[in-house]
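Using the sequences and the hints given, assemble the complete structure.
Number of protein chains: 2
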Amino acid sequence: MRIEIAAGSHFGTANLPYGVFSTPGTERRVGVRVGDSVVDLAVALGDDVFAKPSLNPFMAQGYDRWVEVRRRITELVSGEVPDEAVHAVADVTMHLPIEVADYVDFYASEHHASNLGRLFRPNAEPLMPNWKHLPVGYHGRAGTVVVSGTDIVRPCGQRKAADEDAPTFGECRRLDIEAEMGFIVGAGSPLGSSVPTAEFERHVFGVVLLNDWSARDIQAWEYVPLGPNLGKSFATSISAWVVPLLALGAARVPTPVQDPKPLPYLEEREPWGLDIDLSVAWNGQEVTRPPYREMYWSPAQMLAHLTINGASSRTGDLYASGTISGPEKNQRGAFIELTWGGKEPVEVGGEQRSFLLDGDEVTITATAPGADGTRIGFGEVTGRILPATEAKR
Amino acid sequence: MRIEIAAGSHFGTANLPYGVFSTPGTERRVGVRVGDSVVDLAVALGDDVFAKPSLNPFMAQGYDRWVEVRRRITELVSGEVPDEAVHAVADVTMHLPIEVADYVDFYASEHHASNLGRLFRPNAEPLMPNWKHLPVGYHGRAGTVVVSGTDIVRPCGQRKAADEDAPTFGECRRLDIEAEMGFIVGAGSPLGSSVPTAEFERHVFGVVLLNDWSARDIQAWEYVPLGPNLGKSFATSISAWVVPLLALGAARVPTPVQDPKPLPYLEEREPWGLDIDLSVAWNGQEVTRPPYREMYWSPAQMLAHLTINGASSRTGDLYASGTISGPEKNQRGAFIELTWGGKEPVEVGGEQRSFLLDGDEVTITATAPGADGTRIGFGEVTGRILPATEAKR
Chain A
1 MRIEIAAGSH FGTANLPYGV FSTPGTERRV GVRVGDSVVD LAVALGDDVF
51 AKPSLNPFMA QGYDRWVEVR RRITELVSGE VPDEAVHAVA DVTMHLPIEV
101 ADYVDFYASE HHASNLGRLF RPNAEPLMPN WKHLPVGYHG RAGTVVVSGT
151 DIVRPCGQRK AADEDAPTFG ECRRLDIEAE MGFIVGAGSP LGSSVPTAEF
201 ERHVFGVVLL NDWSARDIQA WEYVPLGPNL GKSFATSISA WVVPLLALGA
251 ARVPTPVQDP KPLPYLEERE PWGLDIDLSV AWNGQEVTRP PYREMYWSPA
301 QMLAHLTING ASSRTGDLYA SGTISGPEKN QRGAFIELTW GGKEPVEVGG
351 EQRSFLLDGD EVTITATAPG ADGTRIGFGE VTGRILPATE AKR
Chain P
1 MRIEIAAGSH FGTANLPYGV FSTPGTERRV GVRVGDSVVD LAVALGDDVF
51 AKPSLNPFMA QGYDRWVEVR RRITELVSGE VPDEAVHAVA DVTMHLPIEV
101 ADYVDFYASE HHASNLGRLF RPNAEPLMPN WKHLPVGYHG RAGTVVVSGT
151 DIVRPCGQRK AADEDAPTFG ECRRLDIEAE MGFIVGAGSP LGSSVPTAEF
201 ERHVFGVVLL NDWSARDIQA WEYVPLGPNL GKSFATSISA WVVPLLALGA
251 ARVPTPVQDP KPLPYLEERE PWGLDIDLSV AWNGQEVTRP PYREMYWSPA
301 QMLAHLTING ASSRTGDLYA SGTISGPEKN QRGAFIELTW GGKEPVEVGG
351 EQRSFLLDGD EVTITATAPG ADGTRIGFGE VTGRILPATE AKR
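If you read the protein sequences in the order shown, they are chains A and P. The first sequence begins at 1 in UniProt numbering and counts up one residue at a time. The second sequence begins at 1 in UniProt numbering and counts up one residue at a time.
If you're looking for bench data, these hints aren't it; they were derived computationally from the structure. In this text, all values refer to a predicted model and were calculated from it rather than measured experimentally.
You can't tell identical chains apart in this list, so a pair holds if it fits in one copy or across any two.
Straight-line alpha carbon distances no greater than 25 Å define the calculated SDA-like cross-link-like pairs of lysine to any residue that follow:
no., residue 1, residue 2
1, Lys132, Glu267
2, Lys52, Thr13
3, Lys329, Gly117
4, Lys160, Gly117
5, Lys52, Gly143
6, Lys329, Glu125
Pasting the structure below:
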């Protein structure tokens with residue numbers, strides 16, 4: 001059969017994102033999305049590396065193989081595809097596309113870092129002295145990265161309001177999102193070596209949407225001096241479709257001017273800023289449009305920094321940009337910024353809202369320019385808040 | 001054959017630690033140490049779960065199985081063991097015993113946290129307000145956990161001395177150790193649930209020695225506000241032998257008095273303080289003897305905290321205690337404390353020393369009381385510093 005692609009589809013042949021899907025009664029395996037269809041790659045290409053429950057075995061084959069397979073898929077979908085290899089997107093279940101090795105979250109938006117600094121440390125300089133010298137980041141919990149559509153149970157934990165003498169235990173009262181992009185390492189690098197910015201595209205396989213769910217009250221109490229932990233570790237959602245970095249050539253833009261000039265290991269000859277437009281919908285209503293092109297540090301700089309101490313990287317490593325916020329209020333990628341710590345609520349469904357209530361649903365979507373003049377889509381990362389469970393003491 | 005156990009051996013039948021070993025030309029598999037012998041469990045017990053390159057498949061079988069296998073090994077080694085199942089420790093190569101899922105490092109010694117607070121933030125209260133309310137911790141890099149004996153390449157990175165205007169790039173000038181114990185989760189817990197302190201022993205399989213190598217100059221510059229990253233992520237070493245938690249019953253002691261009283265989810269009926277004596281040798285010379293019994297937070301409290309927000313835990317999760325320091329100067333488990341930021345060097349091999357030089361070797365050992373009145377040993381975690389590689393820019 002020939003696969004139809006509707007005019008204006010974000011999943012035309014300039015995109016071709018990979019995911020892991022199943023159909024009723026079958027095992028998880030790798031597919032590629034074309035229009036509103038999913039092509040079963042193990043069937044279509046006759047290659048068992050795609051008959052696996054994650055993208056990791058294919059990613060581990062390396063850059064040259066990623067190029068070759070993309071070329072073969074492009075040829076395949078421009079002609080007749082065997083019927084048995086094609087499923088409607090509506091008929092499949094999507095799963096976590098990768099086995100996550102290590103997960104690192106950066107903090108690469110100057111607007112976000114400044115806003116959070118003002119909110120968390122009102123009497124100090126909003127940006128720390130190191131912020132413009134290196135991409136600040138920290139390791140997060142790989143085991144709680146979940147696929148889009150997974151419900152999010154409201155976390156419990158310790159929190160202490162400024163007017164309380166001691167912390168209390170209970171459910172999070174300031175549950176928030178962070179709209180981010182995530183970068184997936186396909187080909188790792190050995191212990192004792194680093195990944196120069198110029199080699200970024202030989203190591204990073206693809207890009208996903210990411211929601212770094214954040215319990216602001218838990219985070220504010222716990223985070224000194226070793227950084228966020230329980231305030232973030234309960235769940236991180238990623239989109240089901242991994243957009244290949246090879247599809248993002250037309251989206252490359254310079255990063256904002258970096259002043260002071262970064263140290264040589266962070267310099268880029270060909271910058272890897274990305275012109276990705278995000279949109280965040282709260283219960284179906286768009287509340288903010290974060291622009292990825294505003295990010296101060298590029299993903300190539302982040303990976304170079306992550307490995308400059310000789311740390312190895314592995315197939316399945318996931319690192320995220322940190323909250324994407326632009327200079328305008330309606331470009332802020334976290335509700336704590338958008339509502340200025342809850343002091344300036346936004347209207348959602350006719351109500352004044354600051355943080356997430358049980359039953360709320362947040363959906364982040366994004367598009368970028370594709371090589372053929374169309375826009376390519378990242379699908380969505382969505383999640384609904386369930387009440388805290390009784391088991392919590 | 002009957003396995004000989006020398007008088008005073010730290011590997012008597014009260015210990016029976018597990019490891020992953022190979023012999024020339026054979027695959028990695030699980031063994032148990034008895035005296036100076038390693039018993040190949042796949043051969044001795046005829047069970048393929050031990051013919052694997054990590055302990056994870058066995059650990060995933062859960063607590064009841066850990067008890068049963070320990071009983072069977074105890075019976076086995078009290079009688080005749082098939083010759084083909086027995087190797088001399090000197091004839092085998094030891095490997096990383098587990099596949100590390102997530103790695104978390106705590107900060108559970110009040111003496112260490114206070115000392116570091118004084119050194120890193122000299123004009124502030126040494127302990128943060130949250131410290132006595134929760135076990136402070138952060139996620140580290142799982143992919144750079146290495147087995148004892150692995151050489152450590154001196155990391156490069158950004159560092160800025162107090163008298164410098166801007167950071168410079170180069171090799172770490174303040175390379176340090178942290179003597180810790182690591183706890184390995186054998187049986188995980190699902191997303192949305194937590195592990196009560198009383199269920200600790202049903203989830204944690206065993207205990208290892210751990211050296212959290214630390215680049216103090218890189219750490220000091222990078223760590224605000226999201227915590228340590230590159231200053232730690234280049235390498236974390238663990239001992240090859242995993243001492244079963246089941247072997248540590250006689251080592252259980254109360255933790256120091258916890259005041260204020262912890263919130264209910266952190267309370268313990270039967271405390272899991274551990275009477276483990278550590279020793280740190282710098283180029284073969286003992287320089288400090290950290291006492292684990294001084295740790296403020298117990299490992300059961302750490303796991304309860306890690307999961308109280310509903311975060312899942314997985315087979316292979318590793319969490320560490322943080323530096324073990326006692327109240328005395330010769331009980332401090334990091335050189336930055338022992339030498340007070342380099343101001344009070346110690347004599348090593350006739351020289352005044354503060355931080356690690358290329359070629360230095362650090363070996364941490366530990367023992368604890370065993371159930372039969374002997375002392376049981378954790379083996380060692382050792383590593384030698386290699387010069388920074390030229391590839392670093």
